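Chains as they are written, first to last, in the numbering used here: chain A, 4 to 483; chain B, 36 to 132; chain C, 840 to 1329.
Rather than coming from a laboratory, the hints here were simulated on the basis of the structure.
This structure is a prediction, so every number in the text was calculated from the model and none was measured.
Heads up, a few of these hints could be off.
As the list claims (entries may be wrong) - Here are the computed lysine-lysine pairs in the DSS-like style, where the Cα-Cα straight-line distance is at most 25 Å:
1. A:Lys394 / A:Lys367
2. A:Lys394 / A:Lys305
3. B:Lys110 / A:Lys22
4. B:Lys77 / C:Lys1255
5. B:Lys110 / C:Lys927
6. C:Lys927 / B:Lys70
7. C:Lys927 / B:Lys38
8. A:Lys345 / A:Lys385
9. C:Lys1139 / B:Lys77
What the hints assert, rightly or not - Derived contacts from chain C toward chain B, CB cut-off under 10 Å, selection only:
10. Glu876
11. Phe1100
12. Arg1183
13. Thr1185
14. Met1199
15. Leu1200
16. Phe1203
17. Ser1206
18. Tyr1214
19. Gln1230
20. Phe1232
21. Leu1262
Glycine included, every Cβ here is placed at the ideal spot set by N, Cα and C.
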Amino acid sequence: MKQYETVIGLEVHIELATKTKIFCGCSTEFGGEPNTHTCPVCAGMPGALPVLNRQVVEFALKAGIAANCQINQLCRFDRKNYFYPDNPQNYQISQLYLPVCHDGWIEIETSTGKKKIRIHEMHMEEDAGKLIHDEWEDCSLVDYNRSGVPLIEIVSEPDMRSAEEVISYLDKLRCMMQYLGVSDCKLQEGSMRADVNLSVCEAGSGVWGTRTEMKNLNSFKAITRAIEAERERQIELLEMGKPVIQETRRWDDNKESSRAMRSKEDARDYRYFPDPDLPPVHISDEWIQRIRNTQPELREEKQQRYQDELGLSDYDARVLTESAHLAALFEKTAELSQNPKKTAAWFMGEVLRLIKEYGTEPEKVCFSPKHLARLICMVEEKKVSPANAKKVFEHIFDEDTDPEAFVREHGLGIVQDADLLQRVLQKVLAENPGPLSELLGGKEKVFGFFVGQMMRELKGTASPEAVREALMEEIKKNRR
Amino acid sequence: MAKIIDDETMENVCLLAKLSLEGEEREAARAEMQKMLTYVEKLDQLDTEGTEPLSHIFGSENVFREDEIVNGNQKDAMLFHAPRTKDGQYHVPKTIG
Amino acid sequence: MELSQMTALELSRNIRERKISVSDGVESVFAQIRKKEKKIHAYLDLFEEDAYKRAEQVQKGIAQGIYTGPLAGVPIAVKDNICIKGKKTTCASRILENFIPTYQAEVIDRLEQAGMILIGKTNMDEFAMGSTTETSAFGVTTNPWNTAHVPGGSSGGSCAAVAAGEAYMALGSDTGGSIRQPSAFCGVTGIKPTYGTVSRYGLVAYASSLDQIGPVGKNTEDCAALLQVIAGHDQKDSTSLRRELPKFGLTSGEDLKGMKFGVPEEYMAEGMEEGVRNTFLASLKLLEELGADVEFFSMKTTEYVIPAYYIIASAEASSNLERFDGVKYGFRAAEYKGLYDMYRKTRTQGFGKEVKRRIMLGSFVLSSGYYDAYYLKALKAKAIIKKEFDQAFEKYDVILAPVAPHTAPKLGESLKDPLAMYLGDIYTVAVNLCALPAISLPGGLDGRGLPVGFQMIGPCFGENTLIRAASAFENARGTFPSAEKGGIKI
């Protein structure tokens, strides 16, 4: 049985989180009514001209620098010519000859250890519109809201050898882009799209096979399945002595198979040439330095810092830094509460639990750090019991309630009132004469019963310690 | 020697340009393109060794816009021109893939 | 003096001095249109009703001190590849037959701010590709000097309108000579500004790195005034330059002592009609009499300008015209089977022969395997041609040239041999390749009574030098007859 090696390269498109499109002042906001975010430029009208959004270059540079790339200090835009209805000019403005970044790398970690995946180049380009297939009428409908949304395309070298490595790479990219604030990178929403280039070759032969390109991979599971299926398909062809044809294939996750996206009219000759409407972009040393100086802390650094400076465990640090947004929330809370360990416990516990329970995402969590921080302090100051604090937190999580006000209004605070304690104690003792004599007789179980009764009367607003203490005092008194 | 514009080349060029020329019109176009290409081959006589291609004559400074939304909803104005629309979108024959 | 004999600046001055009304000016134009347009066919669309309404508005505006500029109240024609909001913009093509933009070109905004009156859209070669206005899908325009001849192209309608008194001024566009050549053929004056001087926003693109909008008028001063109205940085056009604007009012009739003029020897080669040659040499002499230094020098890259131009222009055009596909606007074929058939049929039926020819050539020179040999080679040639012009301008203030090797040909002659037609661009295309400014003004008449143009080419941003030199030449040349034979006062 021959051994085959899988050789994989990825082309990842990332939608940038700018307010406006790359070449015009239309909004990039997701989900508007069709064609409500369009103008002569992004709808391909005659006489319209592109003007470059500075923020797109800024984001591309942040991404490139984070991925250890070389920057082309003179870069340019080129036109990629092909006819398709989602492409209003029938050419896409992209970068071929002088892309903004090249020759970088990203380190991934898998079950077999750490590995550097090299990046061939990174370039800026505009997104196409959306095509919907109308089932009723056998036609297609075009919405140009997405046309002109800025993308960066990251082209890797064919350095990956397994689906696991691919997922690790994508996850690393996703995390990096989120941390940089450059994109929210959601595969399911299309703000991150991956095309997989795959070939197989006999292990040790040193001769690479013909590769195919796969598209329409909308989740990590789909990517894994597609890689495995394509590997099998290519091996089967080779075993039968048939050639692998270089082509683009469309993955259907429902059918768990792919088919060739071949079209006679699909010339694939893009006739790239420098776009005369856009002057070249000059990236100065100062610009690059400013970005380096203001680059945010990335996940790995943060993870390490949480362990070294905040004393968190390896596991906690890893979990807390998975989402840039959540990590930021955690840090702010820890700073305000001055108690990183306790704060971590809250996040690892209640925060993650509620995220799961509500079926939401770390990115969408939006309570005020100061509220949770205050709550944590209130527990430390014994102003509220841990049990009640959890209840309060649910309101903080849901409606960002002010914990002080809430505790006050709902009487959930731990009562320091000794008189009240005594009154309740006496009341409970009076109501339960039978058990009382057993208590005085020294039965421990009954002690617990009385604590419970008192806590119930007090609606949990006393600390268990105070209740026990009061009861002990009473017993001592009565024993004499 | 100029590139010979044969049938295959014409076919390819028409594919790229999305044109359909038939019969006489196609033959006339082929002949003219051949003539034109033979003429422009004159450029081969110019020694361009070591010369960088000049795409932009000016363009020594960056031209940017700021990331501010300046366009509102222009849906009606844009769709006004369309030969065929449906549900606020441009209506085209079914696309593959 | 009769209104129709006035220059645009004179008309505006008379209007602002209350000697005549804005409507008077508009009426004089429409009177001429009624008289001539059937024969000339300079216009594809006329805005008579709107023009009178606008005239009233401008009249009030002048009284209120809103419109104070030197061209306030002047009726102007606009080439049909420049978008005017709410008016058909067809580029003389079937594929845009009923296209009405809901946005407009920056230059139109500026005309409106200057208090000018839009009269109508003028005929042109389809998508500005041509040298005779005969490739228009909506009929030819004739030359007011002799209606059996073409007006030139691609801004033939604009130039014929001014020459026939059907407009005081016009806007044209110049990619390879399209303002200068028809100006020469029609005996009027036209300026192609330095690339980047006038915004291209709203100009339907032919070759993006070469296109510029420019003024057409009866003389240099009028053109200079209009250039000042339309020139200036526009943030909607990334190729628009921030630069010092060209001035007018330099027409002091001063002599040209100390100015150095160069004439490329290669331009004097065989193939020039006798009438053109004689007029050109006479013009050189006139400049010398004004004290200028006129000298011949060699421009070795002359024989490469046309091949380089046509490769670059066709390549860019093939890409710019891809957007015309029947999806978003314009013509869509009536019958088709599927998406790609729709594309093909729409474009094949919608575009004329010349446009299709250039699209195919352009697609070819950019295609896989040929890009280096053709397109890249042309860009390298462009670099060398530019270098030679830069070196020439170190020595000369202005370079002189004829505009075309011949005067206006007869209708129906030129399209028979496209290559021969392209070769007629020998004196104009290098200017576009190198982003230079140039002016074409009437030099004289040939043996058949057809106008011969005279071209002055300046270094980048050298419009003021050109305007000065052209004015001086005009003064010395004296009154140039108009097509009406009434004489245009300068």
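Comparing the hints with the structure gives:
no. : hint                : verdict
1   : A:Lys394 / A:Lys367 : holds (21 Å)
2   : A:Lys394 / A:Lys305 : violated (31 Å)
3   : B:Lys110 / A:Lys22  : holds (19 Å)
4   : B:Lys77 / C:Lys1255 : holds (22 Å)
5   : B:Lys110 / C:Lys927 : holds (20 Å)
6   : C:Lys927 / B:Lys70  : violated (36 Å)
7   : C:Lys927 / B:Lys38  : violated (42 Å)
8   : A:Lys345 / A:Lys385 : holds (14 Å)
9   : C:Lys1139 / B:Lys77 : holds (13 Å)
10  : Glu876              : violated (29 Å)
11  : Phe1100             : violated (24 Å)
12  : Arg1183             : holds (4 Å)
13  : Thr1185             : holds (8 Å)
14  : Met1199             : holds (5 Å)
15  : Leu1200             : holds (6 Å)
16  : Phe1203             : holds (5 Å)
17  : Ser1206             : holds (6 Å)
18  : Tyr1214             : holds (8 Å)
19  : Gln1230             : violated (15 Å)
20  : Phe1232             : violated (14 Å)
21  : Leu1262             : holds (9 Å)
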